[in-house]
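Asker: Whole structure, please, built from the sequences with the hints as guidance.
Residue numbers (my numbering), protein chains in the order written: chain A, 63 to 443; chain B, 8 to 266; chain C, -9 to 220; chain D, -6 to 283; chain E, 269 to 597.
Heads up, some of the hints might be wrong.
[Said to hold, decoys possible] Quick list of the computed label-pair ranges, beta carbon to beta carbon:
# : chain 1 : residue 1 : chain 2 : residue 2 : range
1 : D       : His82     : C       : Tyr(-5)   : 25 to 33 Å
2 : D       : Trp150    : A       : Lys350    : 24 to 32 Å
3 : A       : Lys350    : E       : Gly374    : 41 to 49 Å
4 : A       : Gln148    : E       : Asp417    : 18 to 26 Å
5 : C       : Gln102    : E       : Gly374    : 33 to 41 Å
6 : B       : Gly118    : C       : Arg164    : 53 to 61 Å
7 : C       : Pro93     : E       : Phe560    : 42 to 50 Å
If you're looking for bench data, these hints aren't it; they were derived computationally from the structure. Keep in mind it's a predicted model, so treat the numbers as computed, not measured. We put the beta carbon where it would ideally sit given N, CA and C, even for glycine.
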Amino acid sequence: NSAIQSTTKNEGGTAKNDGTIKIGALLPKSGVYASLGKNLEMGMKLYFESIGWKVAGKDIELIVEDTEADPQVGLRKARKLIDQDQVDLLTGTVSTAVAYAIRDEVDKKKMPFLVSHAGGNDLTRSKRSDYIWRSSFSSWQIGYSLGQWAYDHIGKTVYIAAADYAFGREVAAAFKEAYTAAGGKVVGEVYPPLGNNDYSSYLTTIKNANADAVYAFFAGSDAVKFVQQYEQFGLKKEKKLIGSGWLVSEDVRKQQGNAGVGTIASIFWDYHLDTKENKAFIAAFEKKYNARPTIEALEGYDAAKIIAEALETVGGDASDPDKVVEAISNVQFVSPRGPIQFDKETHHIIQNMYIIETNLVNGQAENKVIEVIEKVKDPGQ
Amino acid sequence: MEKDVILHVERISKHFGGLQIIKDVSLSVRKGERIGMIGPNGAGKTTFFHLLAGDLLPTGGKIYYKGREMTNMPNFKRAQEGIVRTFQKNNLLNELTVLDNLLLVLQRKRGMANVWFKPRNARRAPALFAEAEHLLETWGLKEIANERVKTLSYGEQRQVEILLGIAMEPDVLLLDEPTAGMSQAETTYIVQLLHQLPKDLTVMVIEHDLDVVFGLAERMIVLYDGYILIDGTPDEVRGDERVNEIYIGKGKTVGAERL
Amino acid sequence: MLNVYNMNTFYGDSHVLHNVSLTVEKGKVTVLLGRNGMGKTTTIHSIMGMVPAKTGKIVLEQTEIQDKTSFQISRLGIGLVPQGRRIFPNLTVKENLMTTYRPAENGWTLDQIYAMFPRLKERESSMGGDLSGGEQQMLSIGRALLTNPKVLLLDEPSEGLSPLMVQEVTEIIRQLKQQGLTILLVEQNLAMALELADFVYILNKGAVVFGGTPNELDIHVKNKYLLLSS
Amino acid sequence: MDIIAAQLVNGVSYGMLLFVITCGLSLVFGILGVLNLAHGSLYMIGAYVAYTLTTQLFENFWLALLIAPLIVAVLSLIIELILLRPTYHLGHLSQVLLTFGLAYVIHDVTSIIWGSDVLSIPLPSFLSETLHFFHQEFPAYRLFVIVAGVVLASCLWFVQEKTRWGAMIRAGLSDKEMISALGVNIKLVFTVVFLVGGYLAGIGGVIASPILGLYPSMEFQTLILALVVLVVGGLGSIAGTFVASLVVGIVETFGRFLVPELSLFLVFALMAVILISKPNGLLGKQVIKH
Amino acid sequence: MNRQVFIGIVAVILLIAVPFFFSLFYLNLLAEILVLAIFALSLNVLVGYTGLVSLGHAAFFGIGAYASALLAKEWSPQFLLILLASVLIAAAASAVIGLFCVKVNGFYFLMLTLAFSQMIYSFVHQSTTITGGSNGLSGLPSPMLGTIDLSNPVFLYYSIVLVFVVVYIVLGLIVKSPFGHVLIGIRENEMRMKAMGYNTALYKYIAFIIAGAIGGISGALYSNLNGFVSPNDVYWTMSGSVLIMVLIGGAGTMIGPVLGAAFIVILETIVSSYTTVWTMIIGIIFILFVVFMPRGLVGFARLFQKLAAHRLPISQKGTKPLVNNEANQ
Ligand SMILES: Nc1ncnc2c1ncn2[C@@H]1O[C@H](COP(=O)(O)OP(=O)(O)OP(=O)(O)O)[C@@H](O)[C@H]1O
Ligand SMILES: Nc1ncnc2c1ncn2[C@@H]1O[C@H](COP(=O)(O)OP(=O)(O)OP(=O)(O)O)[C@@H](O)[C@H]1O
Ligand SMILES: [Mg+2]
Ligand SMILES: [Mg+2]
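Answerer: Written out as structure tokens, the structure is:
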């Protein structure tokens, strides 16, 4: 198919190989987000394997492309998957910037795209597309869910510290929205750069401020450094540390030693969630990979399941993107994270949020779910 | 100031940290003069040239050129205005050919340096290339015109150094030990050519080869420890006891340098 | 002391030295003359291992050195005063002298060099690159002497020196010779060269065209290879 | 007032952390003139090896501090002999490509060996204590970093100023051929200095990573940071790097304290201001002139 | 007709023919290569010809890209207008930054350009309301050329080819002109150029502005091609990769940066589809390049040409008489 042909013809729907269904996954496999990408992929593979890489009698082929968490590369790879590999469906992107970057391309080419991580609010708000559905979370869900609870249980004043990038700021703003609505007061905010190396200066400032607690959004190596230094500079004794679940998630908690113990966070899944779906998922994952699943593994697993169920509904015929999208919107099941379904208005997932606390169990820092906030729905604007 | 004074130096001095290298030197140079400059090693001759050419700025004093003050004029501007120097230590564009070195001089002189969209080659700029060829021919460097400078022998590079200075068509030419490192044969040849330079060209030459300097100069300046010891005719200098003492050495007379 | 047999040296493809053979006798001053670009410096560099000869043999006392690297050659006792001085501009005068100093019994010391060139002592803590041309030449000579060599290669040591200093250096070379040092001297200053020479070679187009005592160097040869005869 | 004092201590300790990271680069690039963009990678290897040693083999930080840098030094030796030595003559631009390629290779090799998860190095218990002064608390490990920085600086200063090595390297930089002809095995000197630079990178990795953490792409972040400190101080002088580390450390700490919105901007603005007013950095040696 | 012009015309014909034979994916890839090639060409004016190694060239790419994106959003979708305006803005920015940068040399220049570009990065990254912060600006309106809608990738591709050809010819003329030779002279020995009467600071400044302006062109094209901009466009990694394109292609030649851009983009896209350790493979390729073809792809091609023509490489010294003064004897 030359470029001239494919741009002059209106319908790109040429006959594809009918024996297989191709799924393109855009995931970072190098750079800072490599381990997130890796876990998402592991989760997806776990699910597809459980159904024998077959859906509605067709083989599933998963093509993973490395986005390097770079929008340009992401777009280039999306084009490759769509134009070259002719995939039936796209999923993935860890980075919101990458998701935004490919949004128009996906929309224009009517390519069903199930977002399995990127949480930027606008993806299901101002940048909503008929072909984009999100099964992961939005930054609003993460931040907002802790606001009321923190006011009720932690204290009346907080200091906010969040990594300085769009996602960090969105989460912080959502928390602030809920917290102040509940009556709490934000006494200060600080946004250290992403990948900041030394928090001592910020921590000294925070320490000398008058706040009951500190709401923090950090992830990955930032979370390790922040939580450790939070303890080392003596803040832990004075101010409760609360934040998003990534502050004490599976991939960082062990590295924090016991520094994270006592932290309160909100998130949409936890390893210690006590449901039979979760137990089964964890058992399967640990058997296959001999490691604990992370939240990204769960996201991958769920995304794979949503895709498979939707394809099952359309009988394995992915040639009409509108039908595929329609099928996705109707998927609902009880996931390891609890019951999930899509909001047909916003294309965003409706899910439970959990308040978790980090405790010491047998000398190990472990999270425990202390409260469930059910069916949290993104407002969509 | 007299009318035909082209260069006038008024009590300039130069310090480096605590060292005073040039001490209140004053000098007037008339147009077309041929001045030889000698003095012991480290007397400040090269530094004096640096000051004239603007490669260093003086710590005190003033320099006038063609009646205008130019004490703080930057070096490239002075070169454009006609004060041109050669370097004691070869200072060429080593990766380029001799021809390319020369063309860079000529293209500026011919006002072509700011031509942007016309290739510089023999077809598009025949006059430029012809002139370069002529110069290389005259100065006996034609065979090495297309050699890269860094592959030339030391003495050959010295010859290029002088050629670049002359090709600038200066009004005042400052030659810093032009024949050092050149063989006797080349020295003789170059000196002949220097004699043929236009009469209205002002030349100042630093040289330790007394034959060369006394052959060229009609006025001699002896610099000693940062000040002018003698400023006079070659004969005055030749006869001066102090010069023999500090510079030429006993038992030697000018002219006996060579066989 | 130092013998060069049939040396051929190339820069890339260009054949610069053609079967050059030289004998530098112990305790003598051997002078190498020739016009610009004839291969004098290349000869020196080949002996020193800086531009290794492609073929030929170079023997210092009994050791063949043509395959050695220049620092080994230097340590075997060959000192070099290079053309163009090649002072280390970002080292002080004292550092220039002392960095490569190799002490020897009854050998040169820093104080002796300073006594010989008082100017260097005055400028002891100046950067090498700031020195005047002549001062750098003195420094270059001093630096080579402080490696306390057995054979000294001098490539135009008088360049840039005032007549007075030329005499001084001539005197030094004479003394060195008397102390038994072996010297290979390249010079454009014929007066100086012939005053010192025990034996003279002339290079022309990379080949040895004359070898003999200064007395044998008649006006013919000179006109042909050294002077401008047109 | 207490908070100012506390921030000052933070600034000094951060500055010394920067020095520990930068001193190896200062030696290899500033003094030896080898633009080694894989320097951050050597740092990273030091950190990862220390991680393995402390968590899997000995569980002893001090032993790791001893052994990990040696391993990095051996690796640098191999790199110098096989890759750099034959290509020195090609100049800086080739070194950029070469060492950048090397950094890429090391990047993947480490992620194959150690994975791409975030890791951290456990500290001996007395270093994980918290100390109290100025009515503030301060981690003991940060004091250790300050001491380490000062010790390293003194050793390097001594070697550079009091031995012939410093002069030899500088001479070799301006004219390699000539220094060889005067009897110095300059290739060996370069190799040894590069090796020492690698050793210092390893030390930097071990000492800094308990604070900075271990994570994929850490090497590039560290490299940029180190380059900034290096130029602020000026090439060619350990003293410059030392001063620059303190200046950058203190300015950044107070910048984050006073105008936290400009955190990202600050280091680079500082570097720009310094380079514009002092084109050779704070204490940089003048570039070689004619 | 001379050989170079002939090769040029053939190349242009090939570029025009591409959409008829290759799929959309390759078309977009080629368009991206051309855009980055323009970027590399612009940096080459500094690195290859003037001898100023910049690690902050992404600043101008990013300024061009953001200017174009914002103008397209707020002002007019007209491709040419936007392109022109973005170039002017990038040129203005380089005029300001260049003022400071040309005063320092060598590695300090590299770091000062880095500093400026990182400051611009942090501005772009943080002023979320204007630039979209770390998420960048997406959903840009598709460009129009008069009444032609360039959202059709083929038309957009042809527009890019056109700009590329114009830039290549203009730069090709500049570097061969007397002005270009001045830049080369500065690269070789700035001090001597001053002694020849050249105001080298001014020439460096002009070169900096040319490079910045053309960098701006490529940035503007990039945002039109992709329909979004992101802070990555201004980040130092972008400066680093374009520098590598120049080096691997061969600095100081016209075709080198183009080859370098093509090589890197193709390599990255293809290798990373097959293996996760693609960084390592690219790294090894860099190393092999330095060891085996230190003069870049171009040097390699030249060597090959020479060998094929059975000519002796590099120096013609062998034939030259050692003596240069025979004419005088
Ligand atoms: N930048 C500088 N810093 C310090 N001292 C300097 C500097 N430049 C020159 N000098 C000193 O100034 C003195 C004069 O140097 P200059 O080069 O002018 O001498 P000269 O008369 O040309 O000598 P020669 O005949 O040996 O070339 C020397 O002693 C030198 O050390
Ligand atoms: N690096 C080089 N690459 C190629 N050719 C060179 C190189 N160095 C010197 N040559 C050539 O070798 C020949 C001999 O040069 P050499 O420097 O030995 O001459 P020389 O006799 O010392 O001359 P001078 O009196 O000018 O110092 C010259 O023709 C020169 O052009
Ligand atoms: Mg002088
Ligand atoms: Mg010579």
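Asker: A separate judgement is required for each hint: does it hold in the structure or not?
Answerer: Structure-based check of each hint:
1. Taking 25 to 33 Å as the suggested C-beta distance range, the pair D/His82 and C/Tyr(-5) conforms, at roughly 30 Å.
2. For D/Trp150 and A/Lys350, the Cβ-Cβ distance of about 56 Å falls outside the hinted range of 24 to 32 Å, so the restraint is violated.
3. Between A/Lys350 and E/Gly374 the beta carbons are some 55 Å apart, a value that contradicts the proposed interval 41 to 49 Å.
4. The hinted range of 18 to 26 Å is satisfied by A/Gln148 and E/Asp417, whose Cβ atoms lie roughly 25 Å apart.
5. Checked against the given bound of 33 to 41 Å, the beta carbons of C/Gln102 and E/Gly374, roughly 39 Å apart, stay inside it.
6. Our hint of 53 to 61 Å for B/Gly118 and C/Arg164 holds, since their Cβ atoms are close to 56 Å apart.
7. Our hint of 42 to 50 Å for C/Pro93 and E/Phe560 holds, since their Cβ atoms are close to 45 Å apart.
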